[in-house]
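Peer 1: The lines below spell out each chain.
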Amino acid sequence: MYIIKKGQVSRIAKELQKDYRMYGPVLEPETQQVMFTRVDDAADIDLGLPLPANPVKSAVFPHFERIMSYVYDRQDGKVDIKPDFDDAPKALFGIRPCDLTGILCLDRFFLGQEFVDEVYRNHRKNIFIVSQTCTEPFAQCFCVCTDSGPGAREGYDLNLTDLGGEYLVEAGSEKGKRLAEKLSLPKSDDSHMREKEKRIDRAVSLFGSIAKENKAWISRVVNRVTTGLIDEKVWEYIGSQCLECGACTYVCPTCSCFNIAEQGTGEDAADRMRTWDSCAYEGYSRMAGGHNPRKPVEDRRNKRFFCKLSYSQSKKYLRPGCVGCGRCAWVCPGDIGLPNVVTYIRREIQK
Amino acid sequence: MSERNNTTIPEIATIEEIKDEIVEVKTFYLSFDGRKGGSPPEFKSGQFVMCTVFGAGEFAVSLPPSPENDRFHLTVRKVGKVTGALHDCAVGDKVGIRGPFGNGFPFDEIKGKNVVYVAGGIGLIPLRSSIMHVMQNKEKFGRILLFLGARTPQELMYQYNLKDWKATPGFETHVTIDNPVPGWDGETGFVHTLLKKKDVPVKDTVAFVCGPPVMFNAVIKELINIGIQEEHIISTLERHMKCGIGKCQHCSIGRTLVCTDGPVYTYRQIKTLGEQI
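Chains as they are written, first to last, in the numbering used here: chain V, 1 to 351; chain B, 1001 to 1277.
Don't take every hint at face value.
Simulated coverage check for chain B against chain V, where a stretch passes if three residues somewhere in it have a Cβ under 8 Å from a Cβ of chain V [to be verified]:
hint : segment
1    : 1141-1154
2    : 1229-1243
Straight-line distance between alpha carbons at most 25 Å, and here's what the computed DMTMM-like set of lysine to aspartate or glutamate pairs gives [said to hold, decoys possible]:
hint : chain 1 : residue 1 : chain 2 : residue 2
3    : B       : K1036     : V       : D80
4    : B       : K1078     : V       : E267
5    : V       : K78       : B       : D1033
6    : B       : K1036     : V       : D76
Simulated from the structure, these hints should not be mistaken for lab results. Beta carbons: idealized from backbone N, C-alpha and C, even for Gly.
Generate coordinates for the entire structure from the input sequences, incorporating the hints supplied.
Peer 2: Now the structure itself:
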């Protein structure tokens, strides 16, 4: 493992920029919001910023993308189909452990089931991930409840931990090791590792005083959500607060539902677009002809939390579908971010 | 990695013939441009494909042909934008096909059993593949019965096949329409009422049911009434689908995805999904 002086950490980003399209947290000047976004200059990335408002998934699972385009010449009877997969090398710099866990969930879901998602596989082909340990929680965090932080355990190429005057740089892959060697970073010793452990322990101890907004004792509700033994009234209460805006699914690091639609580019020619979709929308399960098996809003809400918390769904991610970032609670115009839903269900169980 | 190469990008097929079935329902016979002799990719009875109508979009549709000895075709009802665009297509036009996807009917498990088909209206379309397969392998099964219901005689699907099926020895066909009309001398009434009137085998029997939700529920009730077990009632479900490969999640019902775990389920499974059909 290696060490880099705090002022020098941008050297890693600059080196990556030579071969990769750069993504990282930046402060958006217009809105003063922290956004995870593509940057032209690696120097714009600021590791000291709090958790970005949007999840990191957009780099490997864009909000909106073309997956193929076609032109059909009806006269000549010729169809020209061009697949459009994005396999550009991308570096995700300075992502938090919760977001990294989100990417690992998507990996297992898109790549590890019966079928491999070709669009995702191409995105994921050449990704360099630099994660960073959270040495302090933020107000909305509850990753200690979901086992996805404050330190990253797997999935990164390099992991940075702020040790005060310097960063501990851990390589999690051959790729990461090669980069550290290329930059001739000085080697770390045991004391640095011990210091990292100390800082993670400290971060965990700070959850009680800093991360006050959300608590979600997921393990207590998984069984109930899986078996469906939850009073219908609880879902109705939750449904009554849902405005069907879909924001929770858009900011969720593990939500991966998508829609596919053709965007016409001429007569019998179109781009096939893949966009994020949300189970909150009424049209989500509506079939041609109008039959909608999941029309009531509480049925649709039920589905989202089943997806995040049930044992059957955890099998797809090899962990619960919630990574404890707290974004859904941030954005929900009602009061049904995941932590609150867990609370409502627990309250009902206790009764 | 999956072996198929058309999971994301459709392959091209040509419409060779179009047959009018009933009102708003047409059958499209297809040949595959990129394959030897235009033959389709290998598929199992009960699977489905994603069909692209260029310029309009893509929809999921069940496969009515038998995997053996049958021309490849899709039977499609005009219900929306994309199926409407397909209905506007002419012979010679190209479409895109992805698939086949889904599990298919469990023929290995039902060898030697009596087979009862109960179909309502266009519910016969997804069952046709199974019926053709069973007919072509009659010696492997016991009694074979078909109960078919439609609103009017004009809405009976696959009338040309019906004629053959009726004439096939060992194949018992019962057809009913909802209300008596002049010129119809067959049975009348809903299809589930027919089950009571006829001699339906109960022991060692598997029932295939497909049709609109109201008919489906009534038939299931009747089948259970006469003593057929829930795990011996087989149906194929329909859902809004976008990808066909278990990723877009639109077809989820409870913990299953219709595209990869289904579309064929037993009634016992359907009952435990915890959502309406």
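Peer 1: None of the hints should be skipped; say for each whether it holds.
Peer 2: Going down the list of hints, with the structure as the test:
1. 1141-1154: It is violated: at least three residues are needed, and the segment 1141-1154 of chain B offers just 0 whose Cβ sits closer than 8 Å to chain V.
2. 1229-1243: Three-residue rule met by the segment 1229-1243 of chain B, so holds; n is 5.
3. B:K1036 <-> V:D80: holds, 20 Å
4. B:K1078 <-> V:E267: Distance of about 21 Å is within 25 Å: holds.
5. V:K78 <-> B:D1033: holds, 11 Å
6. B:K1036 <-> V:D76: Satisfied, since the Cα-Cα distance of roughly 21 Å is no more than 25 Å.
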